Amino acid sequence: MSSNKSLLGIYNVMADIFSRNQYTPALAAAELASLIITYFAGMGIAVYRLPLSGIPLTAHIYTAAFDVIFAIALYGSTTRAQNLPLRVLSVLDIFSVLGAAFSGLFYFGGFVEPIYAIGMGTGFVFTIVFTSLILFYAVRH
Amino acid sequence: MESKGILGKVNRNTPVLISAAIEEIILMGAFVAGITALLNDQFPITASWMAALLSAHLSFAVLSGLGGVLLFVVTYLSDRKDLFYLGLINVIFIGIAAANGLMFYATYNYDYSYTMAISFIFAIICTSGCIAWSI
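Sequences listed follow chains A and B, in order.
Mind the numbering: the first sequence is residues 1 to 141 in my numbering, read in order.
Mind the numbering: the second sequence is residues 1 to 135 in my numbering, read in order.
The shape of chain A in the complex, shown without the other chains:
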């Protein structure tokens, strides 16, 4: 490995960290970034009582779609890495993200009741816990 001080050295170290376990940390970091944007937009709608239209809702829906895509991609990469704890975590991640997605679809589909938004929030908090567990576990094991 080259020196850690140079720019190329830093790049090599980062690439080494994020490519562990068949690129699981890279995918988990991408999903985490997407989840944070989802949360910023969704929480803005919930806190400020914004109408279900416009930029916040578009940002929320698009990043939510990417959350599901990254969650399924994470299952693929953890399966290739043959790391059982990571596989279990990514299956739990898919279940929680799907729970949040289905609650969100009910909410957006016309059942504008708090219980569906609460389901979205509960699924979200489980998703962010499992995703960050995957991210931090995958760079270490």
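Each hint should be verified, as a subset may be incorrect.
What the simulated footprint calls covered on chain B by chain A, stretch by stretch (three residues with Cβ under 8 angstroms from a Cβ of chain A suffice, anywhere in the stretch; the number is not a length) [claimed, not checked]:
| # | segment |
| --- | --- |
| 1 | 33-44 |
| 2 | 120-134 |
Subject to a maximum C-alpha distance of 20 angstroms in a straight line, what follows is the list of computed SDA-like cross-link-like pairs (lysine to any residue) [stated by the list, open to error]:
| # | chain 1 | residue 1 | chain 2 | residue 2 |
| --- | --- | --- | --- | --- |
| 3 | B | Lys81 | B | Leu17 |
| 4 | B | Lys81 | A | Val13 |
| 5 | B | Lys81 | A | Ile17 |
| 6 | B | Lys81 | B | Asn11 |
| 7 | B | Lys81 | A | His141 |
| 8 | B | Lys81 | B | Arg12 |
| 9 | B | Lys81 | B | Leu70 |
| 10 | B | Lys81 | B | Val69 |
| 11 | B | Lys81 | A | Met14 |
| 12 | A | Lys5 | A | Ile17 |
| 13 | B | Lys81 | A | Arg140 |
| 14 | A | Lys5 | A | Phe18 |
| 15 | B | Lys81 | B | Pro15 |
| 16 | B | Lys81 | B | Thr14 |
| 17 | B | Lys81 | B | Asn13 |
These aren't lab readings, by the way, just hints derived from the structure by calculation.
Model, not experiment: these values are computed from the prediction.
All C-beta atoms in this analysis are idealised placements derived from N, C-alpha and C, irrespective of residue type, glycine included.
Could you slot chain B onto chain A? The hints should help.
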């Protein structure tokens, strides 16, 4: 297993694992109670069951503050730089969330509620990091 440089494998740290797991459960409880209170009523609240819900949120918040300080102390005692930084960032974000929550309760300005929610998410990411890196 021993230390192998940047983010290499290190030993398990049981105190950090236990306190981070407890902190994680408390934070999730605070989030669910808080979002249920947010979505069900306008502030200031009137119904008594809403008051119970908000009390649950406040209790979880106080417990998560204490748990955050405990986690910071345990990570400090663990003699590991990575865990120490995660615990420090965690307790800073919990402090920001607590301060904004108290400001929201005093002013009913929704900007403070939003800041509370934003800092919560970074705190729970750091707590999950403490769990994963202490296993």
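Hint check results:
1. 33-44: Held - the segment 33-44 of chain B has 5 residues with a Cβ nearer than 8 angstroms to chain A, which meets the minimum of three.
2. 120-134: holds (count 8)
3. Lys81(B) / Leu17(B): Measuring from Cα to Cα gives roughly 15 angstroms; hence the hint holds.
4. Lys81(B) / Val13(A): It holds: about 18 angstroms lies between the C-alpha atoms, which stays within 20 angstroms.
5. Lys81(B) / Ile17(A): holds (17 angstroms)
6. Lys81(B) / Asn11(B): Cα-Cα ~13 angstroms, so holds.
7. Lys81(B) / His141(A): At roughly 18 angstroms apart (the allowed maximum being 20 angstroms), histidine 141(A) and lysine 81(B) satisfy the hint.
8. Lys81(B) / Arg12(B): holds (14 angstroms)
9. Lys81(B) / Leu70(B): holds (17 angstroms)
10. Lys81(B) / Val69(B): holds (17 angstroms)
11. Lys81(B) / Met14(A): Holds, because 18 angstroms separates the two Cα atoms, which is no more than 20 angstroms.
12. Lys5(A) / Ile17(A): holds (16 angstroms)
13. Lys81(B) / Arg140(A): holds (15 angstroms)
14. Lys5(A) / Phe18(A): holds (18 angstroms)
15. Lys81(B) / Pro15(B): Satisfied, since the Cα-Cα distance of roughly 15 angstroms is no more than 20 angstroms.
16. Lys81(B) / Thr14(B): Within the cut-off at roughly 16 angstroms; holds.
17. Lys81(B) / Asn13(B): Given that 20 angstroms is the threshold and the Cα spacing comes to 13 angstroms, the pair holds.
Of the numbered hints listed earlier, not one is contradicted by the structure.
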